[in-house]
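A.B. asks: Line order of the protein sequences matches chains A and B. Mapping to the numbering used here: the first sequence position 116 is 116, numbers consecutive. Mapping to the numbering used here: the second sequence position 232 is 232, numbers consecutive.
Just so you know, nobody snuck in bad clues.
Here are the computed lysine-lysine pairs in the PhoX-like style, where the Cα-Cα straight-line distance is at most 20 Å: (1) B:LYS355 / A:LYS99; (2) A:LYS355 / B:LYS99; (3) A:LYS223 / A:LYS182.
The calculated label-pair distances, taken between Cβ atoms and stated as ranges, are: (4) A:GLN263 / B:ARG14: 18 to 26 Å; (5) A:PRO353 / B:LYS198: 37 to 45 Å; (6) A:ASP210 / B:SER147: 52 to 60 Å.
No wet-lab data here; the hints were simulated from the structure. From the three backbone atoms N, C-alpha and C, an ideal C-beta is built for every residue, glycine too.
There are 2 protein chains.
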Amino acid sequence: MEISQLGEFGLIDRLAKDITTKNASTICGIGDDCAVLSPTEGMRTVVTTDLLMEGVHFDLTYVPLRHLGYKAIMVNLSDVFAMNAQPRQVTVSLAISSKFQVEDIEELYAGMRLACEKWGVDIIGGDTTASLTGLAISITAIGEARSEDLVLRSGAKPTDLICVSGNLGAAYMGLQLLEREKVIYNEQVEEARRSGSKEQMEALRSTQPDFSGREYILERQLKPEARGDIIETLRKAGIHPTSMMDISDGLSSELMHICRQSQTGCRIYEERLPLDYQTAAMAEELNLNVSTCALNGGEDYELLFTVPLSLNDTVSAIEDVHVIGYITEQDKGLALITRDGGEHQLKAQGWNPLKES
Amino acid sequence: MEISQLGEFGLIDRLAKDITTKNASTICGIGDDCAVLSPTEGMRTVVTTDLLMEGVHFDLTYVPLRHLGYKAIMVNLSDVFAMNAQPRQVTVSLAISSKFQVEDIEELYAGMRLACEKWGVDIIGGDTTASLTGLAISITAIGEARSEDLVLRSGAKPTDLICVSGNLGAAYMGLQLLEREKVIYNEQVEEARRSGSKEQMEALRSTQPDFSGREYILERQLKPEARGDIIETLRKAGIHPTSMMDISDGLSSELMHICRQSQTGCRIYEERLPLDYQTAAMAEELNLNVSTCALNGGEDYELLFTVPLSLNDTVSAIEDVHVIGYITEQDKGLALITRDGGEHQLKAQGWNPLKES
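Using the sequences and the hints, build the whole thing.
C.D. replies: Shown next as structure tokens:
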């Protein structure tokens with residue numbers, strides 16, 4: 001169905017009918033000038049926001065809309081968890097060009113609802129409007145935490161251990177794989193067009209690239225998970241990180257933020273960078289240095305955090321958390337110790353949409 | 001300066017240096033995964049968000065960036081005031097195409113800061129990223145109010161008086177004037193190009209259309225003000241509206257929202273629609289029905305609210321507030337009483353970006 005048949009308010013009604021709110025703190029959701037929340041007494045409120053633009057942040061030739069919706073929510077919840085807070089509400093704004101149908105936007109919303117349900121988050125409002133070209137998605141997430149539980153980027157101290165959850169570089173390798181297959185597919189279409197072969201064209205339409213053995217890196221790119229489970233595990237283990245952030249632009253870039261805001265340096269060890277087998281295999285196939293991918297890849301949405309050295313045994317015993325180095329005095333700089341014992345200055349080569357590459 | 005010379009973090013640093021936070025409830029602003037707020041005990045939090053797209057919501061050929069920034073903030077504060085709440089914080093997300101320079105974004109921010117300073121609002125964070133074409137602006141505003149002070153759209157009761165602040169249709173007439181001058185200018189440029197006259201081209205570059213006597217309608221379009229002053233006046237007069245919203249899409253459209261959500265009908269009087277002289281003069285010049293402009297024009301950002309009939313004397317005594325009709329039972333429908341006493345059903349012909357016109 002064409003969106004223009006429904007108009008803004010018809011589309012909002014249609015999307016809103018599947019949205020119910022569950023948090024006690026959500027008093028009114030969609031339908032007034034503002035949503036109304038009742039913050040828990042004595043708690044701090046945290047707020048984060050992201051703006052995703054078609055062609056810059058996502059490519060709809062290979063990203064299904066349902067996955068895109070899921071990811072758009074998850075990347076914001078990831079920021080809330082990175083404060084050691086619990087996400088409670090999100091607003092969702094969309095600008096939609098005329099190439100989209102009502103069903104497309106319902107797919108996108110289905111993914112958003114799924115991500116919200118996973119973490120008990122309410123969709124409380126937003127804006128639904130038109131765009132001349134492409135899709136724009138703006139999400140704002142709101143969470144809460146006790147003041148003493150909040151973890152900022154600025155609290156790392158020399159001798160603190162540097163930890164990361166999960167593994168690094170997989171989402172980046174998934175992106176490289178999707179981009180490669182897109183180029184191949186486009187070349188085949190171009191060839192079929194030149195030869196004028198209808199059968200070849202038909203065959204292309206129904207073929208899917210063979211991604212077997214690469215499912216993990218694709219999932220990491222297309223359907224990332226915010227690590228609320230790690231926040232919960234740390235809490236249960238009685239660990240309060242001294243600093244924390246989520247890895248969205250790449251480990252190097254995030255480490256530079258933590259060290260700058262904590263006024264420290266750091267040493268991390270190449271051999272300790274956690275890697276999945278599929279990440280390493282794909283890097284080898286594409287002739288890329290897997291450590292570089294792990295350091296600068298981005299979109300991992302894992303947690304990077306620091307804990308006092310005295311918690312070494314406790315943190316090392318946690319499944320899926322890896323100690324990769326330690327915090328130093330600021331004058332020591334930021335260094336990567338390579339497998340051969342060499343010391344290299346860390347550079348932020350992570351994703352920077354506004355920088356010339 | 002090219003934005004690519006600074007990159008995302010350099011640009012954020014540059015913009016953030018002029019931003020200080022003043023609200024006691026703003027604990028941390030820009031610089032971490034989330035901003036941190038400390039909501040006032042016992043108060044409700046309200047949240048609203050808007051996504052503005054170049055070419056759909058604004059035309060940079062005649063909208064100065066500083067005005068655009070001011071307006072982008074004001075339209076969100078207007079939603080907060082429409083809940084009878086006080087705005088406290090905003091997040092600002094921008095997606096910027098390569099045609100913009102650092103100085104452009106600083107201009108945009110200067111306007112945003114000005115609007116925020118006017119109402120004591122803190123800019124607490126956002127996202128600054130790239131776009132393939134044009135500018136996208138996403139603002140989320142956060143405010144607070146005591147639970148018993150909040151005014152929803154759903155509380156209007158039969159016999160309540162319908163009131164509007166200020167006057168209607170001026171912003172729409174300002175837009176028509178700007179659009180007309182744009183067409184004229186483009187035709188002159190086209191003609192100069194065809195004739196190959198360099199002098200003509202030079203002359204065009206330095207000419208400004210003569211807007212004297214039209215300053216008010218232009219200001220209403222380019223630099224709207226959120227009516228926080230009316231909220232304050234009503235509070236001082238001891239008036240608690242039964243329902244309220246701001247007029248962004250046009251009076252008819254907003255009245256339909258209030259009547260639908262309050263399950264009522266309404267009668268409004270054409271002769272009571274508040275109009276400015278410049279609005280009427282411009283409508284006549286463009287051969288438009290001024291009442292239609294006032295009913296459907298949009299972007300007035302005036303407040304539409306209802307009060308019990310018993311407050312007639314009090315509300316009528318308030319400067320810049322006008323009683324335009326009253327709420328009826330739902331089965332009476334929504335009607336406009338024309339100057340000649342005729343009764344016409346109200347239709348929402350206001351701005352709907354997703355509807356075919």
